[in-house]
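Student: The residues making up each chain are set out below.
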Amino acid sequence: MKRLAISKKTKAILGGIAFPIVLTGLWQLFIFAGFSSARFLPPPFKVFQKFVILFSDPAYSQHIAVSLQRVMIGFFIGTLAGFLFGLLMGLSKTAEKIFAPFFHAVRQVPMIGWIPLIIMWFGMNELPRVLIISVAAFYPITLNTFSGVRNVPREYLELASVYGFKGLTLIKKIIIPAALPSIATGISLGLAMSWSVLMVAEIFIQTAFGVGTQIQKGRDRFDIALVIAGIITVGVLGYAMTVLVQKIVQAVERGRVISTEK
Amino acid sequence: MSKKFIQRLGLKDKLLAIMVPLLVLAAWQGAVSQKLCSDLILTPPLTLLNTLVELAQSGDLTLNILASLKRVMIGFLLGGTSGFVLGILMALSPFLNRIFGPLIKALQQVPEFAWMPLIIMFLGIDESAKYFFVAIGAFYPMVLNTYQGVSGVPEKYHELARVFDYKSFRYLFKVIIPSALPSIITGIRLSLGLSWMFVVGAELFGSDSGVGYLMTWGRAVFQIDLVMAGLVLVGVIGFAMNLVLEIAEKRFLLWREPVDGRPA
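In order, the protein sequences belong to chains A and B. Reading the first sequence from the start, the letters are residues 0 to 261 in numbering that gives the first Met the number 0. Reading the second sequence from the start, the letters are residues 0 to 263 in numbering that gives the first Met the number 0.
Derived by calculation from the structure, the hints in this document are not laboratory data. Just so you know, not all the hints are guaranteed correct.
When the alpha-carbon atoms are kept at most 20 Å apart in a straight line, the in silico SDA-like pairs for lysine to any residue are as follows [to be verified]:
| # | chain 1 | residue 1 | chain 2 | residue 2 |
| --- | --- | --- | --- | --- |
| 1 | A | K246 | A | T184 |
| 2 | A | K216 | A | G234 |
| 3 | B | K11 | A | E95 |
| 4 | B | K11 | A | I97 |
| 5 | B | K166 | B | Y156 |
| 6 | B | K11 | A | A64 |
Throw the hints in and build the complete structure from the sequences for me.
Tutor: Below is the structure:
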């Protein structure tokens, strides 16, 4: 039984990496056979070499650091604003009636559509980049906080009124802990959106630093190895961030208590 | 979600809901006409309306909308169809799932816009690059939702199909696809929404027609009314596409509550 389980897992892993390896092999063969010039599609080895070169150069880490910082600032602003706005609409029916139709109408415009306008308003600098990243995080977090707060079980609210919880205590002790799973979903979605929009921000709003900028630079110099290396970097970083946030969210959810103590 | 929300509101609430946008519009118009804000920075709503009418009269509006819609349709068909087929194959064959599953998960980690420079290097900056880019956007939600739907077909249905001796195509069209339809339609909605977003992105990147082009051109000649008109068009068309699919979904899936499938 145990042996079966292990072999199954190994099989799954082998199956998972088999295709990428075959793909890499085909990629290499493709070039050996002379179907494509190395200039147009560099061999896998060249891309690996590029990685080594990039990571031994401190400038590349700096590009990564700038991107991460940019996404974190935008994500933080968007999360805070979205959380507060969602909480407000969730708590007050009047606020919902006033803001929700407007919010839903504005949300119809895809993020990318704002780029030309935002550039005209703020120019090609850091502010519009951070702004667009925070708006990307703002939508899912607002929506999920709102629905989390609205769906707090009635019993909890009854219990709270028995204990005489009001105002901030009610929000802090009952509503937020009860809405936490939904808020956490919003935060994961928001982070994914922020990371995705970071690329939009770095590619469309030109800047000297950032991983997206490096990809764009690779295109300008016709350095395909740099472009591919940049794409892989972005993918791995995005994945690492998703996993990290999932872990944090799980930890927070495990620790959440709906407390009846003041 | 927004639709259900509107139905829930009474007349008084509807007035309240209209109040805020109206107030914003009035403040916007007022701010510009009182010279609080230059009309080079913010086009007043009336001028914006005028720009849209002018665009419609000159024929530029239809031309550019049609150009964008054509790109969306071709890209969506390419990406959606391949996602649909691969999703079914992956759900029915554990072998294919083991091969493609991890690869798709890995590729999905890369934000789609990061592919843009590479696509342009390979395909040039013409139509095929735009189709391909839109297809990437349409592909992911379609493959994931089709896979989810088909692998969620209840065991009972499979057994019934065996009893009736349904095989290959009949099995696929009579059992698998109808049962997975709700999930597939969610995939189509997400997929079309992303296609629309990506076509605008592709057009902003470089093109000579389309709604995105209208906006880049407006920016280049510093005509902010064109940029804002483009923004309104992007929102309205995206909303209309979602609405059409929502209606179609209600027609086809009477038994099921529609889900909010809009991408942010």
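Student: All the hints need checking, so say for each whether the structure fits it.
Tutor: How the hints compare with the structure:
Between K246/A and T184/A the alpha-carbon distance is near 12 Å, which keeps this suggested pair within the 20 Å criterion. Distance check on the hinted pair: K216/A and G234/A sit about 18 Å apart at the alpha-carbon level, within 20 Å; holds. Only pairs whose Cα atoms come within 20 Å are accepted, and K11/B paired with E95/A is accepted, the gap being roughly 14 Å. With a C-alpha separation of about 11 Å, the suggested pair K11/B and I97/A falls inside the 20 Å cut-off, and the hint holds.
A distance of roughly 13 Å separates the Cα atoms of K166/B and Y156/B; the hinted pair therefore holds under the 20 Å criterion. For a cut-off of 20 Å, the pair hint linking K11/B to A64/A is broken: about 51 Å separates their Cα positions.
Violated hint: 6 only; the structure is consistent with all others.
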